[in-house]
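Visitor: Residue numbers (this note's numbering), protein chains in the order written: chain C, 431 to 657; chain A, 366 to 458; chain D, 45 to 133.
Covered stretches of chain D (chain A as the covering partner; in silico rule of three or more C-beta atoms under 8 angstroms from a C-beta of chain A):
1) 57-64
2) 75-81
3) 94-101
4) 104-114
Don't read these hints as lab results, they were simulated from the structure. Idealized CB from N, CA, C, for every residue including glycine.
Okay, here's what each chain looks like letter by letter:
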Amino acid sequence: MTGAALRAFVTIAIALAAGVLWWVFSLALLEGPGERLAPLAAEALPRSGVGNPVTAVLLNFRAYDTLLELAVLLAAVLGIWASGPPDRGFAPAEIVLAGLVDWLVPLLILAAGYLLWVGGQAPGGAFQAGAMLAAAGVVLRLAGTPRAGLPRGDWQRVLVVAGVAAFLAVGLALMAIGHGFLTYPPGHAKWLILTIETAATLAIGATLAAAYVGGSPPDGPPGEDRA
Amino acid sequence: MITALLYTAAGLLLFCLGLWSFLMHRPLLRKLIALNVMGSGVFLVFVALAYRGPEGAPDPVPHALVLTGIVVAVSATALALALGRRLEEAERD
Amino acid sequence: MTPDLVLFDLLLIGALLALASACLFSAELQRAVILFIVFGLLLTLVWARLQAPDVALAEAAIGAGLSGALLLAAARRLARRGGRPEDRP
Numbered sequence: 431m432t433g434a435a436l437r438a439f440v441t442i443a444i445a446l447a448a449g450v451l452w453w454v455f456s457l458a459l460l461e462g463p464g465e466r467l468a469p470l471a472a473e474a475l476p477r478s479g480v481g482n483p484v485t486a487v488l489l490n491f492r493a494y495d496t497l498l499e500l501a502v503l504l505a506a507v508l509g510i511w512a513s514g515p516p517d518r519g520f521a522p523a524e525i526v527l528a529g530l531v532d533w534l535v536p537l538l539i540l541a542a543g544y545l546l547w548v549g550g551q552a553p554g555g556a557f558q559a560g561a562m563l564a565a566a567g568v569v570l571r572l573a574g575t576p577r578a579g580l581p582r583g584d585w586q587r588v589l590v591v592a593g594v595a596a597f598l599a600v601g602l603a604l605m606a607i608g609h610g611f612l613t614y615p616p617g618h619a620k621w622l623i624l625t626i627e628t629a630a631t632l633a634i635g636a637t638l639a640a641a642y643v644g645g646s647p648p649d650g651p652p653g654e655d656r657a
Numbered sequence: 366m367i368t369a370l371l372y373t374a375a376g377l378l379l380f381c382l383g384l385w386s387f388l389m390h391r392p393l394l395r396k397l398i399a400l401n402v403m404g405s406g407v408f409l410v411f412v413a414l415a416y417r418g419p420e421g422a423p424d425p426v427p428h429a430l431v432l433t434g435i436v437v438a439v440s441a442t443a444l445a446l447a448l449g450r451r452l453e454e455a456e457r458d
Numbered sequence: 045m046t047p048d049l050v051l052f053d054l055l056l057i058g059a060l061l062a063l064a065s066a067c068l069f070s071a072e073l074q075r076a077v078i079l080f081i082v083f084g085l086l087l088t089l090v091w092a093r094l095q096a097p098d099v100a101l102a103e104a105a106i107g108a109g110l111s112g113a114l115l116l117a118a119a120r121r122l123a124r125r126g127g128r129p130e131d132r133p
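Isolated chain C, as found in the complex:
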């Protein structure tokens, strides 16, 4: 098939697929909502230990999903580390940018802490807080810190694993004392969730910052730092 014919074929095929999809979705929408999970979630919210329904879904009702999602993040960063050393990074910042960074990074870390804490009751939570930490890392790397504020070698690995580790530790400890895996006992849910969320925030922040650096972390004692 020639280029133009292929182009026309793909365009028509996608247009047809769009029509079918629109037909299906509009039918589904016009049928009315039917059986949904929202009433179940709303009913169980007071027992979940948090007031924000999205956090309740993420860390209580569907905690398995979030655990596996953190595992996906871990797999992605392992793949990035396996693809060799990172780029050299940027030249050290001049005085104006350096001054801005000195202000911005503490503010971002503070915002991350706030989002983590407020996530129990209002919009916010581990993902948003982790993204703030990663943003601080990106700003640091842009201003000439090659490792984006991440610790050296082994500690970086510990940080990246922290989310999955805390999740599994809490889940297995709950199993050991006779509850289901990640079935929080009533009254303790809030603090267990906050523990997991704190570890997850650090892990997500470290993972995304490491993904931005885009290469294996430097190993060994100080002085062998490749960057």
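Given chain C, work out where chains A and D should sit, using these hints.
Guide: Only chains A and D this time, still in chain C's reference frame:
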């Protein structure tokens, strides 16, 4: 109801636009942008389906799914960029 | 459902789709990346409109900020290595 329909349609259009661009472009970066636009279309359909009018509380379950989806999308993008860079280095050597 | 709100919805969706097309059809790679960042910011507005503030927060930080930074760094590397990125296989 009309709001949900409107935004669902927008999500479908975004998905199809992204798919077209994904199939039509060869450079990795173009494909990644297209993939991200496709993902945004899917997220838009999810959040539109969760919308319950200006007074009703929206369904939190699709919101949670979209939240994890956004984070997975960015990590997949970063992994693809790292692999692409490695590939270029290997080809240059 | 007020007509004002429907008008706002239509404007927002129109701008979103226009930005997406401008980004996907842009001839220049760096311009495409920057349009993608703007697209992410507008998407944040859509999440806020659809009463998904959690998603809006994540999108603002990740969708617009972090993926934008990642893609920009990659586009910059391609451009710096010489050769027009468009011509690369």
